[in-house]
Amino acid sequence: MKELDPIAFTVELGRFYEQSRTNGTVSVTMKRMTERRLFKASRVKKEIPKGGEAILDKNRMKDDDIEFPCLVRATYKNNKISTIVAPNELDKFQNAYSTVIRAYMDSLKKKERTRKKAKTAAAAVSSSQQQKQQ
Amino acid sequence: MYISNWDEFQKAAEELYTASPETTRYVSGFRHTDGELILKVTDDRTIIKYKTNQASDLRKFTNLNLSLMSKMQNKSLEVPEQTEVPTSGPQIPKVVSAPNSAKSSPAPQSRKKKNNKRKA
Numbered sequence: 001m002k003e004l005d006p007i008a009f010t011v012e013l014g015r016f017y018e019q020s021r022t023n024g025t026v027s028v029t030m031k032r033m034t035e036r037r038l039f040k041a042s043r044v045k046k047e048i049p050k051g052g053e054a055i056l057d058k059n060r061m062k063d064d065d066i067e068f069p070c071l072v073r074a075t076y077k078n079n080k081i082s083t084i085v086a087p088n089e090l091d092k093f094q095n096a097y098s099t100v101i102r103a104y105m106d107s108l109k110k111k112e113r114t115r116k117k118a119k120t121a122a123a124a125v126s127s128s129q130q131q132k133q134q
Numbered sequence: 001m002y003i004s005n006w007d008e009f010q011k012a013a014e015e016l017y018t019a020s021p022e023t024t025r026y027v028s029g030f031r032h033t034d035g036e037l038i039l040k041v042t043d044d045r046t047i048i049k050y051k052t053n054q055a056s057d058l059r060k061f062t063n064l065n066l067s068l069m070s071k072m073q074n075k076s077l078e079v080p081e082q083t084e085v086p087t088s089g090p091q092i093p094k095v096v097s098a099p100n101s102a103k104s105s106p107a108p109q110s111r112k113k114k115n116n117k118r119k120a
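Taken in order, these protein sequences are the chains called S and H. Positions 1 to 134 (full-length UniProt numbering) are the ones given, in order, by the first sequence. Positions 1 to 120 (full-length UniProt numbering) are the ones given, in order, by the second sequence.
Think of the hints as simulated: they come from the structure by calculation, not from any bench. We put the CB at the ideal spot given by N, CA and C, even for glycine. Heads up, some of the hints might be wrong.
Unchecked claim - Stretches of chain H that chain S covers, calculated by requiring three or more beta carbons in the stretch to come under 8 Å of a beta carbon on chain S:
no., stretch
1, 1 to 13
2, 26 to 32
Unchecked claim - Partner residues aside, some chain S positions facing chain H, computed with beta carbon under 8 Å:
no., residue
3, E67
4, N79
5, I81
6, S82
7, S98
8, S107
9, K111
As the list claims (entries may be wrong) - Stretches of chain S that chain H covers, calculated by requiring three or more beta carbons in the stretch to come under 8 Å of a beta carbon on chain H:
no., stretch
10, 13 to 23
11, 28 to 41
Same shape as in the complex, but just chain S (with noise of 0.2 Å):
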């Protein structure tokens, strides 16, 4: 299991979802970093995963808007990668993410007709090639 900061995690998952175009499933899980969890990475780590310090403070854990990191891990075949998102990283992460999913996940079917909201760019492209072909 490969252990990676968030923005080189989305450029790896990039890759994974390039190598899948001919055989296999890329799997992406997401969870909450709780205190427990948060204790034994830091075991296995020898530190505190970035945004778990508020969480390991036991004052802090009373309040109500305490922040988790989230893990997430992908795996494609043999191929394992996780990260831990900070709370303060989250925009970064998610622009990342949502950037790699529009540009891999094109195997989807789009409807024929003409339809008003586009998702991506290609499938504006694709839809207008349909119009234009019929």
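Model the placement of chain H on the given structure of chain S, informed by the hints.
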């Protein structure tokens, strides 16, 4: 186990997460060869799954990712679309470029006029 309606799936996923945030995980799998996206939300007691091969569900998938990740981090999900928030990255260049374009497009004489006004 498999839900056929996206809105129902989203609602059930968010409810399941709110009910047990510590043990719920969200799994997504994508097969390029079959063109299928499979989503699963489970807290090891109940499972809800959704399967699709429609490109129209991609945007909903991204939104659900955003929503669930924010819940996981216990973060408020407010994405300001206007340029009121100074901290967002992509919006700052828009603000900066506007005065620059205003300065560069008119003739240089106007710059001197502006400078005179400033000095005055």
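Do the hints match the structure? See the list:
1. Proximity of the stretch 1 to 13 of chain H to chain S, defined as three or more residues with a beta carbon under 8 Å from a beta carbon of that chain, is not established by the 0 residues found.
2. For the stretch 26 to 32 of chain H, the assignment as covered by chain S holds, since 7 residues bring a beta-carbon within under 8 Å of that chain's beta-carbons and 3 suffice.
3. The criterion of a C-beta within 8 Å of any C-beta in chain H is met by E67(S), whose closest approach is roughly 5 Å, and the hint holds.
4. A least Cβ separation of about 15 Å between N79(S) and chain H goes past the 8 Å threshold, and the interface hint is therefore violated.
5. Of the supplied interface hints, the one on I81(S) is violated, with its beta-carbon coming no nearer than about 15 Å to a beta-carbon of chain H, more than 8 Å.
6. Checking S82(S) against chain H: minimum C-beta separation of about 13 Å lies over 8 Å; hint violated.
7. Evaluation of the S98(S) hint against chain H yields a held restraint, the C-beta minimum of about 5 Å falling below 8 Å.
8. Here the hint on S107(S) is kept, as its CB sits about 4 Å from the closest CB of chain H, short of 8 Å.
9. Nearest Cβ of chain H to the Cβ of K111(S): about 7 Å, under the 8 Å cut. The hint holds.
10. Only when three residues or more bring their CB closer than 8 Å to a CB of chain H does the claim for the stretch 13 to 23 of chain S stand; here the count is 5, and the claim holds.
11. Using a Cβ-Cβ cut-off of 8 Å, 6 residues of the stretch 28 to 41 of chain S lie near chain H, which meets the minimum of three, so the contact claim holds.
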